[in-house]
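Enquirer: Here's the letter readout for the chains.
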Amino acid sequence: MNPTEPTIQLPGGWSTLSPSVDWTYYFIYWMSVVLFVGIIGAALYFVWKYERSKHPKSEPTGHNLPLEVGWTVAPVIFLALIFHWGFEQYVSMTSPPADTLDIRVRGRKWSWDFEYPNGGHSPELHVPVGRAVRLLISSEDVLHAFFIPVFRVKRDAVPGMYGTLWFRATRTGRAPFYCAEYCGAAGNTPAQDGSYAGHFNMRGEITIQTMQEYLTFEESLLGPHPGESTADWGQRMYRENQCFTCHSTDGTRMAGPSWRGLFGRQERMSDGNGVTVEENYLRQSILDPSARVVEGFQPVMPTYRGTLNDRQIDAIIAYIRTLH
Amino acid sequence: MATDVAVTDQGHGHELDPNLNYLQAGRGVLSWLVTLDHKRIGVMYLISVLTAFFMGGVFALLVRLELLFQGRTIMGPETYNRAFTLHGAIMVFLFIIPSVPAALGNFVLPMMLGAKDVAFPRLNLLSFYIYVVGAIFALYSIISGGVDTGWTFYTPYSTGTNGSVVSMTLGVFILGFSSILTGLNFLVTMHKLRAPGLHWRRMPLFLWGMYATSIMQVLATPVLAITLLLLAVERTFGLGIFDPALGGDPVLFQHFFWFYSHPAVYIMIVPGMAIVSELFATFTRRAIFGYFAVAMSSLGLALLGFIVWGHHMFTSGQSEFATMAFSALTMLVAIPSGVKVFNWTATLYKGSIWLTTPMLYALAFLVQFTIGGLTGLFCGTLSVDIHLHDTYFIVAHFHYVMMGGTVFGFLGGLLYWWPKITGKLYDERLAKVSWFFVFVGFNATFLVQFIMGSQGMPRRYFDYLPEFGRYHAFSTVGSWILGLGFLIMAWVLVKSLRSGPPSPPNPWGSAGYEWQSASPPIVLNFPEVPTITRGPYDYHLATEEELFDGFPEDRAKK
Amino acid sequence: MSAGHGAEAGHGHGEHPPYLAHHFDTPEQQFDTAKLGMWVFICTEILMFGGLFVAYGIFRSLEPDVFTMAHHHLDRIMGAVNTVVLLFSSLTAALAVREAQLGNQKKTSLYLVITIACAAIFLVVKYFEYTHKFHDGLLPGRCFGHPWFAGSPDGHGGFSGSSTPWYMHILQGDGCFDRTMARPLQVLDLPARGNMFFGLYFMMTGLHGVHVVVGMAILTWVLWRNQKGHFSPEYFTAVEIGALYWHLVDLVWIYLFPLLYLVG
Ligand code: HEA
Ligand code: HEA
Ligand code: CUA
Ligand SMILES: [Cu+2]
Numbered sequence: 001m002n003p004t005e006p007t008i009q010l011p012g013g014w015s016t017l018s019p020s021v022d023w024t025y026y027f028i029y030w031m032s033v034v035l036f037v038g039i040i041g042a043a044l045y046f047v048w049k050y051e052r053s054k055h056p057k058s059e060p061t062g063h064n065l066p067l068e069v070g071w072t073v074a075p076v077i078f079l080a081l082i083f084h085w086g087f088e089q090y091v092s093m094t095s096p097p098a099d100t101l102d103i104r105v106r107g108r109k110w111s112w113d114f115e116y117p118n119g120g121h122s123p124e125l126h127v128p129v130g131r132a133v134r135l136l137i138s139s140e141d142v143l144h145a146f147f148i149p150v151f152r153v154k155r156d157a158v159p160g161m162y163g164t165l166w167f168r169a170t171r172t173g174r175a176p177f178y179c180a181e182y183c184g185a186a187g188n189t190p191a192q193d194g195s196y197a198g199h200f201n202m203r204g205e206i207t208i209q210t211m212q213e214y215l216t217f218e219e220s221l222l223g224p225h226p227g228e229s230t231a232d233w234g235q236r237m238y239r240e241n242q243c244f245t246c247h248s249t250d251g252t253r254m255a256g257p258s259w260r261g262l263f264g265r266q267e268r269m270s271d272g273n274g275v276t277v278e279e280n281y282l283r284q285s286i287l288d289p290s291a292r293v294v295e296g297f298q299p300v301m302p303t304y305r306g307t308l309n310d311r312q313i314d315a316i317i318a319y320i321r322t323l324h
Numbered sequence: 001m002a003t004d005v006a007v008t009d010q011g012h013g014h015e016l017d018p019n020l021n022y023l024q025a026g027r028g029v030l031s032w033l034v035t036l037d038h039k040r041i042g043v044m045y046l047i048s049v050l051t052a053f054f055m056g057g058v059f060a061l062l063v064r065l066e067l068l069f070q071g072r073t074i075m076g077p078e079t080y081n082r083a084f085t086l087h088g089a090i091m092v093f094l095f096i097i098p099s100v101p102a103a104l105g106n107f108v109l110p111m112m113l114g115a116k117d118v119a120f121p122r123l124n125l126l127s128f129y130i131y132v133v134g135a136i137f138a139l140y141s142i143i144s145g146g147v148d149t150g151w152t153f154y155t156p157y158s159t160g161t162n163g164s165v166v167s168m169t170l171g172v173f174i175l176g177f178s179s180i181l182t183g184l185n186f187l188v189t190m191h192k193l194r195a196p197g198l199h200w201r202r203m204p205l206f207l208w209g210m211y212a213t214s215i216m217q218v219l220a221t222p223v224l225a226i227t228l229l230l231l232a233v234e235r236t237f238g239l240g241i242f243d244p245a246l247g248g249d250p251v252l253f254q255h256f257f258w259f260y261s262h263p264a265v266y267i268m269i270v271p272g273m274a275i276v277s278e279l280f281a282t283f284t285r286r287a288i289f290g291y292f293a294v295a296m297s298s299l300g301l302a303l304l305g306f307i308v309w310g311h312h313m314f315t316s317g318q319s320e321f322a323t324m325a326f327s328a329l330t331m332l333v334a335i336p337s338g339v340k341v342f343n344w345t346a347t348l349y350k351g352s353i354w355l356t357t358p359m360l361y362a363l364a365f366l367v368q369f370t371i372g373g374l375t376g377l378f379c380g381t382l383s384v385d386i387h388l389h390d391t392y393f394i395v396a397h398f399h400y401v402m403m404g405g406t407v408f409g410f411l412g413g414l415l416y417w418w419p420k421i422t423g424k425l426y427d428e429r430l431a432k433v434s435w436f437f438v439f440v441g442f443n444a445t446f447l448v449q450f451i452m453g454s455q456g457m458p459r460r461y462f463d464y465l466p467e468f469g470r471y472h473a474f475s476t477v478g479s480w481i482l483g484l485g486f487l488i489m490a491w492v493l494v495k496s497l498r499s500g501p502p503s504p505p506n507p508w509g510s511a512g513y514e515w516q517s518a519s520p521p522i523v524l525n526f527p528e529v530p531t532i533t534r535g536p537y538d539y540h541l542a543t544e545e546e547l548f549d550g551f552p553e554d555r556a557k558k
Numbered sequence: 001m002s003a004g005h006g007a008e009a010g011h012g013h014g015e016h017p018p019y020l021a022h023h024f025d026t027p028e029q030q031f032d033t034a035k036l037g038m039w040v041f042i043c044t045e046i047l048m049f050g051g052l053f054v055a056y057g058i059f060r061s062l063e064p065d066v067f068t069m070a071h072h073h074l075d076r077i078m079g080a081v082n083t084v085v086l087l088f089s090s091l092t093a094a095l096a097v098r099e100a101q102l103g104n105q106k107k108t109s110l111y112l113v114i115t116i117a118c119a120a121i122f123l124v125v126k127y128f129e130y131t132h133k134f135h136d137g138l139l140p141g142r143c144f145g146h147p148w149f150a151g152s153p154d155g156h157g158g159f160s161g162s163s164t165p166w167y168m169h170i171l172q173g174d175g176c177f178d179r180t181m182a183r184p185l186q187v188l189d190l191p192a193r194g195n196m197f198f199g200l201y202f203m204m205t206g207l208h209g210v211h212v213v214v215g216m217a218i219l220t221w222v223l224w225r226n227q228k229g230h231f232s233p234e235y236f237t238a239v240e241i242g243a244l245y246w247h248l249v250d251l252v253w254i255y256l257f258p259l260l261y262l263v264g
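Chains as they are written, first to last, in my numbering: chain D, 1 to 324; chain F, 1 to 558; chain H, 1 to 264.
Bound conformation, chain D alone:
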C-alpha cells in the first residue's frame, strides 16, 4: 500500500494500517457532516419559518410513530458499520505477522530507550521501511504511552506489563513520536540548556530508512563511532542516556550529584558510611543506584541495568575520570 498525503485533518499516513483507519475516520466524518447539516439545517429553517412574528400561534403536531421509530432504528445501521470497521482494523492492529523485527521500548520519566535486536541501545528510534516492526513496550516508573501519529498507532507503557504494537512503514522519512499518557514534569526550573523535562518533552523523531541504512545504524550502537575515544563515547552516552537531566558536569547541583571532580572524591552515604569514588562504586551506582545513596539526595535515579552494557559503563567511567 502507498503512503497517503497529509490533509488538514490527518497527518500523512505512512503505514500499511493507516489507509483503512483513515477511511473509517473519513466515513464517520462525512456521516457526521451530513447529519449535522441535516439536523441543524432543519432546526435553523424551522426557527426562521416559525419565528413567532411570522407564526404567532403554535400548532400541536401529535404523534408520528413511524418517524420516531425510524430515527431510533436508522442510526443502528451506521453504528453497526463503524463499529465493525473499527473492530476489524483494531484486530489487525493487535495481531502482528509472524516475522516481525522486534524492538524493546522502555519508557521512563522522561525519555524513551530503544533496545534493538542486536542488544544495542539508543534514545533514537530507527526502523526499516517495508518490514513489519513490533514494539514491545514497558515502563520503569509510571504510565506512559507510545504514540506515532503517522502510523496511527498508540499503546500505553504500563509498569509491570508489556504492551505491543506493530506497523509496517510504507515510506522513508522522519516523523514525530510522543508520550501520550500524562507522566508529570521535572519541576519549574529549566536544565542547563534552557529546556524543560516532562511529559510534553518525552518525544522525538522516528527515522524510517532503508534496510541497509537501518542495519548500519543498528551496528553503530554497539561501540564507539569510528574515531571516537572511549571518553568521548562515554560523553555521548551521557547525552544519549540523558544523564544530564540530573547530573551536571560543571559542579551545579541538580537532582543528582554533579560529576565534576567525582572520581576519587570522598562521598558520605545516607546511612552514614563514607565511600571513596572508584570504578566499582561508580558501576554499582549506575546498576543499582538505591543500594548506596549519596547523602542529601533522594533515591530517584532509575537503574540502568539492562540499558547500559559493561563496555558502555566503562566508557562512562572513562568520561567521568576526565571531569576534574
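Since the hints were made in silico from the structure, they are not lab data.
One thing to keep in mind: the hints can contain errors.
Stated by the list, open to error - Reference listing, derived: stretches of chain F covered by chain H, where coverage requires no fewer than 3 residues with Cβ under 8 angstroms from a Cβ of chain H: (1) 191-199; (2) 225-238; (3) 428-437; (4) 447-454; (5) 468-479.
Unchecked claim - Quick list of in silico lysine-lysine cross-link-like pairs, BS3-like style, CA-CA up to 27 angstroms: (6) F:K424 <-> F:K350; (7) H:K35 <-> H:K106; (8) H:K228 <-> H:K106; (9) F:K192 <-> H:K133; (10) F:K350 <-> D:K54; (11) D:K57 <-> F:K192; (12) F:K432 <-> D:K54; (13) H:K228 <-> H:K35; (14) D:K49 <-> F:K350; (15) H:K107 <-> H:K35; (16) D:K57 <-> F:K432; (17) D:K49 <-> F:K432.
The structure presented is a predicted model; accordingly, all values stated were derived computationally and were not measured.
For each residue, glycine too, the CB sits at the ideal point set by N, CA and C.
Based on the hints, put chains F and H with the ligands in the right spot on chain D.
Expert: Same frame as chain D, but now just chains F and H with the ligands:
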C-alpha cells in the same frame, strides 16, 4: 440521614408567615445558613457553583495563556500541570456535577412537583455543608502544594508524585457524598411528593432528567468514593492494590475510576438536556415532540452509561474482548442521544418560536451537543480512537459536550429561571450580546482543537511542536472572547440584581407548573397544594389565566 | 412493616400530628418516604462496599495462594463470635421495631440496648483482633512486617526490633510511611504479598467498623428518643429505619466473614 425524617418538624416556615416570599421570610445571614427551604439551599448552591465556575474558568484562561506561544509563556511545566489539573477537577467536581441538580434542580424540582419541599430538607442542607467541606479540602490542596495528577488521578503517578493529592482525593470523596445525598433526596421526592394528578406521564422532562441523573448519582458515586479512599490509603500506606511496584494493578484503578466517571459524564449532560427540553417547550409554545421517548431516553442514557466505561481504556492493555464489547456498547449510547436531538428539532416544527436568550442557549446547545456527540463516535470507534486517544481531539470532544452542552444548558436555565429565583427581570438585549460572545468564543476556542488533535497533538502538554503554533494561538484568542462574554454576562446578572425591574410571576408565559407560583415564590411555594389537571406542555389546555403574564409584548397587546 | 398504623392519624389541614413534617400530607406518606430513602441509601452503601469486593475478587483470583496462607493468621474463633453477635443484634433490632409498633416503650428500649451492647462487644473483639495483628506485623502495605512491628522469631508476637513503641515512630513521621520503602519484608511464614491481603482486610473490616460505630450512634439516638416517648404505634419511623441500617451493617459482615476468615 435518620436525623432527617423523624424529628418532630414544625416546619421552618411556621414561626414566620408562610405566605411571605422566600427571600423576605427570615433576614440575616444566619437565617440563610440554617435554612431548610429548598429554594434558599438552591440559591446557596448557585452562589457556590458560580464561584467554582469562575475559579475553574480562571485556571482555564491561564492554561490557554500558557499555550499562546511555544515554550514558556507565563508559567513553568510543573505549574502548568497543576493548573490544568485544578481546572479539570474544579470544573468537574465543584462546578458541573452540582450545577444543574443541586443549584437549579433544588430550586425548581419541588415546585415542578407541586410539593412544599424536598423529601428530606435537613438532609438537603447537610448535603450543602458536605459540599462546602469537600470544597474546602479540594481547595486546600491548592495552597498546600498543589496537585499535578490530572483530574483522572491515574496510579502509579498519583501515588508517587509530590503535592497534596490526599487532600484533593479526600475532597472529591466528600463531594461525592454531597452528590449522593442530593440524588437520594430527589429520587425519593419524585416518588413520594408529587402533587395530586401529577402522574409519571405528566412529569416535566426536567424531572425525568433529574430522575435519571439521581439514579446514576446514587449508584456510581459510591464506587468513586471507595476508589479514591483506596487511592489515599495506597498513597499513605502503600497498600499494594494499584501500585505495580508493590504488586498492584494500575489498570484496575482505571476501571474503578471510569466506572464512576463515565456515568459521571451523563450525570453532567442529562441535566443539561433536561433543561433544554424545558426551554424548547416554553419558547416554541408547544408540547415536546415525542415526550415519552425523550423521557425514556434519559433513563436509557442512565442505564447504558454504566456499561461503557472501558472506552476510555482502549490503549491501556485491557483484554481485547473487553475492548470490543465496550466499543460496541458505546455505539448504543448514540441512540438515546439521537432520539433527544431529533425530537428537539421536530419540536421546532410548527412552533411559535420566541428567540429569547435562554432559547438561544438551547439552540446553541443543540448545535454544540450534536458536534460533541458525533465526535464521541470517533472516539468510540476502536481503530480511530487508537489514533485520537489522549490528543486534543478528546479535549475538544469533551469541551463540546460539557461546556458547549451542559454549561450552555445551565446558563440557559439560569436565565430562564432567573426571574423566578430573584423576582427580577434582566436586560435581554445585553444578555443576547453576551450570548453572542460566549457562542463565538467557545467555538473559536475548541473547534481548532479537533484539528490539532487529529493531527497528533497530545493533551496535557506544556509545550508543543511549531506546526501546532497557529492552532494554539487561535484557540487562546478564542478563550479571551469567551471570557469577555462571561464578563458581560456577569454584568447582566449584577445589573439585574441591583436594578432589574420586578418580574411578573410568569414572564415567559410558560405552561410549566413552577411558573404558577409567585416570583419570587412564597415559602411554601404555592398558597395551597395544586392539583394537576394537564401536562406541563399542554399549551392548548392551559387557561389564559395560567399563561396570564404571557410574553411582555403580548401583555402590551392585551 | 406496614405503614398502615399511621393512616388514621392526621387528615385535613390544621390538625397535623406533631410528628408530621409540614411538607407531607399524611403520616404514611412521611413513613414511606423515610423508608424509601433508607433503601436508596442502602443501595449506595452496597455499591461502595462492592468496589472493595471486586478488588478482593480480582486479587484473590490472581493470587489465591497468598490469600490461603494469609488467612490462617486471622482468628476464626473471634470472627465466628462476632458473626454470632451481629446476627443476634440484628434479631434484637428487628424485635425493637416490633415492640415499637406495639407501643411497648420499655421493651423497645430494652431491645435497643441489647443491640447497642452487641455492637460494643463486636468492637471490643475487633479491638483485640487488630492489636494482635499489629503486634505480629500483619499490617497493610508498606507497614507489613516492618521491623518495628515484626514478630519475634518464635512467631508469637511482641516487639522485637526496637524498644520504641511503633506509634512513636509514626508520630515522629519516620516509621512505615516512608515512601521509599517499596518492598515489604517477609513476615513470619508469609510471602511479601501478604501485605495486600492485610491491606484489603483492614480496608474492608475498617470500613465496616466505621459503619458499626455510625450504627451505634444512630441506635443510641433512637433509644434516646424512645426514652423521651417520641414513638407510638402510629409513629415509629426512626426505629424502623435505624434497624434497617443496622441490618445492612450485619449483612455486610455476613459477606466479610467467610471471604476473609474462611478462604481456605
Ligand atoms: C458531558 C459529558 C460527555 C458526554 C455527554 C459524552 C458523550 C459521549 N462520549 Fe465522551 N468524554 C467526556 C465527556 C462526555 N462524553 C469526557 C470528559 C471525556 C474525557 C475524559 C478524560 O480522559 O479526561 C470523554 C472521552 C470519551 C472517550 C474516550 C476517548 C479517549 O480518551 O480515547 C470516548 C470513547 O468512546 C467517548 C465517547 C463518547 C460517546 C460515544 C458519547 C455519546 O454519548 C454521544 C452521543 C451523541 C451523539 C452521537 C450525537 C447525537 C446523535 C445523533 C445526531 C443521532 C444520529 C447518530 C448516528 C446515525 C450515528 N468519550
Ligand atoms: C465542566 C467542565 C469544563 C469546562 C466548563 C471547561 C472550560 C474550559 N476549558 Fe477545560 N477541561 C476540563 C473541563 C472543563 N473545561 C477537563 C475535565 C479537562 C481535563 C483536565 C485534565 O487533563 O486532567 C480540561 C482541560 C482543558 C484543556 C487541556 C489542557 C491540556 O490537556 O493540557 C484546555 C486547553 O485549552 C482547557 C480549556 C478550557 C477553556 C478555555 C474553558 C472555557 O470554556 C472556560 C470559560 C470560563 C471562563 C472564562 C470563566 C469566566 C467567568 C467570569 C469572567 C465570571 C462569570 C461570572 C458569573 C457568570 C457570575 N480545558
Ligand atoms: Cu511519559 Cu508522558
Ligand atoms: Cu466515557
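Enquirer: Now, for every hint given, state plainly whether the structure supports it.
Expert: Okay, the hints, checked on the actual structure:
{"no.": "1", "hint": "191-199", "in the structure": "holds (count 3)"}
{"no.": "2", "hint": "225-238", "in the structure": "holds (count 10)"}
{"no.": "3", "hint": "428-437", "in the structure": "violated (count 0)"}
{"no.": "4", "hint": "447-454", "in the structure": "violated (count 0)"}
{"no.": "5", "hint": "468-479", "in the structure": "violated (count 0)"}
{"no.": "6", "hint": "F:K424 <-> F:K350", "in the structure": "violated, 31 angstroms"}
{"no.": "7", "hint": "H:K35 <-> H:K106", "in the structure": "holds, 24 angstroms"}
{"no.": "8", "hint": "H:K228 <-> H:K106", "in the structure": "holds, 11 angstroms"}
{"no.": "9", "hint": "F:K192 <-> H:K133", "in the structure": "violated, 48 angstroms"}
{"no.": "10", "hint": "F:K350 <-> D:K54", "in the structure": "holds, 11 angstroms"}
{"no.": "11", "hint": "D:K57 <-> F:K192", "in the structure": "violated, 37 angstroms"}
{"no.": "12", "hint": "F:K432 <-> D:K54", "in the structure": "holds, 21 angstroms"}
{"no.": "13", "hint": "H:K228 <-> H:K35", "in the structure": "holds, 22 angstroms"}
{"no.": "14", "hint": "D:K49 <-> F:K350", "in the structure": "holds, 8 angstroms"}
{"no.": "15", "hint": "H:K107 <-> H:K35", "in the structure": "holds, 23 angstroms"}
{"no.": "16", "hint": "D:K57 <-> F:K432", "in the structure": "holds, 24 angstroms"}
{"no.": "17", "hint": "D:K49 <-> F:K432", "in the structure": "holds, 21 angstroms"}
The structure fails hints 3, 4, 5, 6, 9, 11 (numbered hints given earlier, in ascending order).
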